[in-house]
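Enquirer: Chain B: place on chain A using the hints.
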Amino acid sequence: MNIKHFTFLSSLVLYFITAILWILFDPYQVTFQFLFSVHILEWSFDFGIDGISLVFLFLTTFFMPFCFLFSWNTKSININMYYIAMLAMELLLICIFITLDLVIFYIFFEAILIPIFIMIGLQGLRARRIHAAYLLFFYTLVGSMFMLVAIISIYLHTGSTSIQVLWFSEFSTIRSNLLWLAFFFAFATKVPIYPFHIWLPEAHVEAPTEGSVILAGILLKLGTYGFLRILLPSFIESTIYFIPLVYLLASIAVIYTSLTTLRQIDIKRVIAYSSVSHMNLCILGLFSMNLLGVTGSILVMLGHGIVSAGLFFLIGMLYNRYKTKIIFYYSGIVQLMPLYSTALFLLTLGNISMPLTVNFTSEFLILCGLLEHSIYLLVFASIGIFLGTAYSMWLYNRLVFGTLKTTYIKYYKDMNRIETYLIIPFIIAMLLFGIYPKFLMDMFIPGVLNIII
Amino acid sequence: MINFILTLPEIYLILLICILFFYNIIYASSKKYKFPLLNENTINLILLAFLYLIYISYNQPIFDAAILNSLFYKNTFSITLEYFLFIIGFIFFILTKKYTVEHFNSYEILLILVISFLGMVGMITSNHMFSMYLSLELQSICFYILVATRSKNLQAIEASLKYFILGSFSSAILLFGISYIYGYTGLVYFEDLAKFLMTYTHIEYISAFTLGLLLLFIGLLFKIYAAPFHFWISDIYQGASYNITMFFAIIPFISFFSVLVKLVYLVFYDYIFFIKDILLIVSIFSMLCGSIGALYQLQFKRLMAYSSIAHIGYFLTSLVTLDIQVLLYAVNYIFLYIITITIIFGIIINIESKKFNTYKYMNNLSDFYLFARYNKTLAFIFALSLFSLIGVPPLPGFLAKLFLLTALLNETAYILIFVVIVASLISAYYLLKIIKYMYFGIYNYNLYFFKFIQPIPYINVISIVYITMLTLLCILYPDFLIDIASLMTISLFI
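Here the protein sequences line up with chains A and B, keeping their order. Just so you know, numbering that gives the first Met the number 0 puts 312 at position 313 of the first sequence, and the rest follows in order with no gaps. Just so you know, numbering that gives the first Met the number 0 puts 223 at position 224 of the second sequence, and the rest follows in order with no gaps.
Since the hints were derived computationally from the structure, they do not count as laboratory data. Predicted, not measured: the structure shown is a model, and the values here were computed from it. Careful, some of the hints might be misleading.
In silico DSS-like pairs for lysine-lysine, Cα to Cα no more than 25 Å straight-line [stated by the list, open to error]:
1) A:LYS74 to B:LYS375
2) A:LYS74 to B:LYS435
3) A:LYS322 to A:LYS404
4) A:LYS3 to B:LYS375
5) B:LYS450 to B:LYS375
Next comes chain A alone, as it looks inside the complex (with noise of 0.2 Å):
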């Protein structure tokens, strides 16, 4: 047994205990539950899971063992070091949604960037990779020193780090509003919101597949996690108060960034553009503050980590076999790779949020949610929404359809029997959740009443 089937059986062994968790999960209890603590001399640090965390835990294990398949056949130099970087943050990540301790939320908030660095940096094959690691390192790191910051001053003003404890703690208005800011700015860089975007299409585009598998299916959750899990509970007045700045960054990325889409040459860079599009309708759901807003955005971390995580990896298997993300060099790839045009053509529309996927679910009950408290946010919402259709539409239509481009690439190669059944558990996935959303919703919304009142 080498490293490969190591990596591979532990990710397989989380998951399995995660689907034990779902079912000794009980739904109609609103505090947290398996909680236990650690103790590291005079500290204890506490952990716990309730529904939100478990949707999240869901979608990390779930992931993972497809990453390893994706490249169970692939020959590098430094391959072990690639998968034990993958497997640690997979523990990182699970760390991560049961703590409820701040400063353990911190430090693997933080320890994260270590394996994500070295992923990009040792996989990625153009010079410009390592260009991507830093600013994927020095983003997240410049709005981490703040939450740093700020989780320093509720220490010393609380007494504690606990995150229950947060929640029922009072600040005076400037503070509250300062700690706002600095919480804000290290989750808005993760998420990411408008003026801070700029290192995800650049690491997107230079990460391997399972690394942008990674960074779009769970990471980039992080940012909404943390909104959900400290911002929205413990400030509530702060919220309030900055709601309209939030709705206008907001609003200008959906628009903007699916604007975007439209010129760009790289697959890569339309799927992130258009996964940053959607995270920040995803904040529109959740500063939405009431009960529809925050379940429908919920529902979109999860269908977009689903439809989003499959993309990429269609997308890494075109480029393992022709070499190349532009999409001028494909054209008609349907009369030869029938198998991959389909489940490319199921996942955009899982990506235009078509009915009977989880992404239309979800982004109805955003809009519902929306509709609460202003018709102009709706506007804004929807014209993001059918620029993606746009988009989606636009670049299957580049790809799939049209004649054979045989001066570029000579031959064709439909997916094999790995890369199909690594690609149907996201299809049933997205159906499934898209059909009967009622047993996931069930699970997670007395969290969400549980922060929302």
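Expert: Chain B only, in chain A's frame:
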């Protein structure tokens, strides 16, 4: 008798110097052994002596006592620092043994190194302006000679001359300040000065005393190359040979640190606010100059010089805020910083490539290309140490930074916090650059350096790995260092 027991490490150090001197004179001029100028036995002897020194200073009775007519004073603070100094010295001699034997053909360098240790011990325990000044001079004169040991190198000659002129200049300023203070108060003992300043409250802001204080601190800040007085240090680092650079990077920090802390917290505590603004500016300047200056460096030694300037800025925050908690965490910070730098230089000094009798070490940043491929263990440790210097959790450097920020925030020193954050973010850039070269280097680069790489002694690798593991244990057991630091800081105020 109590004098004898408490000064045992110093007496032992002096004895060691005499023995080394006679041993080398007799041995090096013996015809039978073909006039060996320097051999491993000398270093082995020093290592043995340092082990014994560690043993003695560990078993010293811990109580506060003035010794040798109150010229020196021993308490937990000084005893702990001595102990730490000997441990670091021991590690230093282990790691540089191979380098010293290969590159030096005279025993004097080892003697001078040991003599400078004597000066440092004197500085750590000093309780009198003159004992402090004389030990400082003993140390400094040794340093001037140490820089000049690579006498055929133009850069080394330039560096040593620069160091000598600027060092003696700053010593003169220091002495001038001491004389002003003596002229105003008539006191030279630390304790007397402290008691006098505590009770006498009529010192005006514009007076000879303030001038003396200012000159004294400028002299000391010159010696520890804090920012406006920092421009010479990068040349010194570059000019000196590698083991001397390592020595400068890790060891004088301890002695200067103890002197500054003693002067600020013990002696001039009640009147330090006269020059508090200047210390604040120096601290901010050091952090910014150090981190920004390092961005443009292409040589590792110069980069580390600027990095150490930035870290001196972090340490100086403890002198600005005048808070015991900040001091405690600054002590903790310095312990972790020195150990990390020891690991970094220990790796640098042990990786050498030899071609036709010319040795090369990793100095240009391009030499780091794909270091990770040639020695996975050491490259990993090197990367960990650099990440620790950046302050990425969960490494020990993060703990140090976290505690320091907590203490500063408790003091509501918002300007300092902002500068600390900005400086550490800038320093992340150049430290990451080295990691980038090590791991992701350009593949078709001509790997001239690693083609002729020499095998590394087993004991050096083992000791580096052990030190790293011990520092990593600090993550799980952070109270260990903090307990020591709190004992030290508390003993200052009793």
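Enquirer: Broken hints, numbered, in rising order?
Expert: Nothing - there is no hint that the structure violates, so all of them hold.
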